[in-house]
Every structure is written in structure tokens, then in C-alpha cells.
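K.L.:
Starting from the known structure of chain A, arrange chain B on it as the hints suggest.
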Amino acid sequence: MLVRLSAAIAAICLLSGGAVAQSTAKPTDPQIAHIAYTAGVIDVAAAKQALARSKNKEVRAFAEDMVRDHEAVNKQALDLVKKLKVTPEDNDTSRGLQKQASAKLVELSKLSGAAFDRAYVDNEVAYHKTVNGALETVLIPSASNAELKSLLQTGLKVFQGHEQHAEHVAAALK
Amino acid sequence: MSPGRCLLVLATMVSAMTAVPAHAETIQITMDRLAFSPKEVNASVGDTIEWINNDFLAHTGTARNGDWDVAVPAEKTVTLVLKKPGTIEYYCRYHPNMTGRIVVAPK
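Protein chains in written order, with my numbering: chain A, 1 to 174; chain B, 1 to 107.
For reference, chain A alone in the conformation it holds in the complex (with noise of 0.2 Å):
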């Protein structure tokens, strides 16, 4: 879970602090809505994991509002990139997020019962985190089109009481 939560964090950290060498400093909006809509297709995969694999009703009904929740704000992102006209750029922090991803799907795919159901809740309060830091610190102020702010303003909104749904779940089965 940290071996993960540094690593996106770094990978958003390359992608900011990286490109002090570049000509521009901040992510563009084809880049942020790329990595906003990867970050989201992530978490659907992880909650429908712990759909196929979950017992726990708290653990599916919080995998239930993850997979709702993302797919919403997905669709909405991808109707307005439509919108702008926009086409989404895959990037550094794009695939670091999807690659770690990956190997989270493996290692979880070993677990099972309550075992599982610890790791996916950790590792989705842990998720979260990084999201939301990223769209706070990273994402969010470079966003140049207002439309895109905005809905990454409500994504962090939507995102943060995931973040704390996951705290409660992980807290209930410690």
C-alpha cells in the first residue's frame, strides 16, 4: 500500500517537478483529463474486484458507490473533453498510476475473505488520498478551461467523502 501510495505520488511528483526542465510547468487540460479519467477507470476495476470477491456488505456497498460514482463522473468528463473538442493525452502519470494499478489487481487477486476485503479498503482509502491530493495541489490549479475545473472541483468533492466512506469501512474492520 505505501510501496504504491509513494510511487503515485511520485509519478505526480515527475509529472510536476519533472517538467521544471520542460517549457511548462504544469500538466495541460488534455494531459489532466487524461489522468482525472484513468484514475477513475481504475477504481471501477478495483470495486468490481471486490464485487466478484467481496462477502462483506459493507465492503460491496462501498464498492457499489465507487463503481456509480466513478462511472458518473467519467461519463461526464468524457462528454465534455467531447465538448471541447479536447483529446485526452496519456502521460507519465497516467501510465504510473494504471502500471501500479495493475499490480495491485494482481496482488489482491491472491487474497481472499477478510483478508481481501482489509487490503481492498486499505488500499482504497490510500487511493483516494493520492487522488485527492493530486486534483488539490496538482490537477485542480492547473486546470486552465473553467469547464474542467469545475468538474474536477466536484470530482474532489464526490472523491472526498469516498475517502472517508473507505476510512469508516477500514475502521469497522479492523
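No lab work stands behind these hints: they were computed from the structure.
Some hints here could point you the wrong way.
[Stated by the list, open to error] Mimicking DSS-like on lysine-lysine, the simulated pairs with C-alpha atoms at most 25 Å apart in a straight line are:
id, chain 1, residue 1, chain 2, residue 2
1, A, K75, A, K129
2, A, K26, A, K149
3, B, K39, A, K157
4, B, K76, A, K82
5, B, K76, A, K75
6, A, K85, A, K149
7, B, K76, A, K83
8, A, K157, B, K76
9, A, K149, A, K129
Keep in mind the model is a prediction, meaning the values are calculated, not measured.
P.N.:
Using the frame of chain A, we list chain B on its own:
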């Protein structure tokens, strides 16, 4: 009875019939950017709550005392008739940070 007089009697009867029950109101509560607005409303038994979801996310209006649980899909409006008096604290099951209160007076 002349046709005119007959109509007058009929009109009086109709207006008397409709005036008997207290007029039930429709009260709107909007769900917008993960908040209920207004956060607190006053209503009476028999009134209708119109839940208007302006968000692209699904929400619910769920009474903490279990009286009602209204699912409101994204960008849809759903109505609920209040049947019991009391002060009802409610929230969204999907986004528990969304909370509100309806004070329902007896009829």
C-alpha cells in the same frame, strides 16, 4: 330553474367541494453539487416533496428514522408525499455528507 341559475348552483357546489380539504403544497428540495437546498424545510402532512437532482450523480433522500427512502437518479425529479408528522433528519445514502431536515406539522 333557469340554465344560468343552474350553472351558478353547480359552480357554488364545485367550489365548496374543492375548498373542503386543506390545500396540500408541493415543496422543492434541490440536490446540487452534493448538497440539499434548502437544507431545512417546513411542511405539513399531505404535502409533496419534489426532489430535484441537478447533479450528474445519483442521490437518495433517506430518512434516518426509516420512514422513507427515495432514490433520485441523476438529473431526474422524484416526488414523495409526507404521511407522518415529526422532525425528520435525512441524508443521501450514497453521499452521507449530504444532510437535511424536514419539519412535518400534523394536518
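K.L.:
Does each hint hold? Answer for all of them.
P.N.:
Now for the hints, and whether the structure bears them out:
Using a Cα cut-off of 25 Å, the hinted pair K75 of chain A and K129 of chain A holds, with the two alpha carbons roughly 22 Å apart. Restraint check: the Cα-Cα separation between K26 of chain A and K149 of chain A comes to about 14 Å, which is no more than 25 Å; the hinted pair holds. Annotation: proposed proximity of K39 of chain B to K157 of chain A holds, straight-line Cα distance about 18 Å (limit 25 Å). With a CA separation close to 23 Å, the supplied pair K76 of chain B and K82 of chain A stays within the 25 Å bound.
Taking the CA atoms of K76 of chain B and K75 of chain A, the gap is near 17 Å; set against the 25 Å cutoff, the hint holds. Annotation: proposed proximity of K85 of chain A to K149 of chain A holds, straight-line Cα distance about 16 Å (limit 25 Å). In summary, the hint linking K76 of chain B to K83 of chain A is supported, as the alpha carbons are separated by about 22 Å, within the 25 Å threshold. The straight-line distance between the Cα atoms of K157 of chain A and K76 of chain B is roughly 21 Å, inside the 25 Å bound, and the hint therefore holds.
Restraint check for K149 of chain A and K129 of chain A: satisfied, since their Cα atoms lie roughly 19 Å apart, inside the 25 Å limit.
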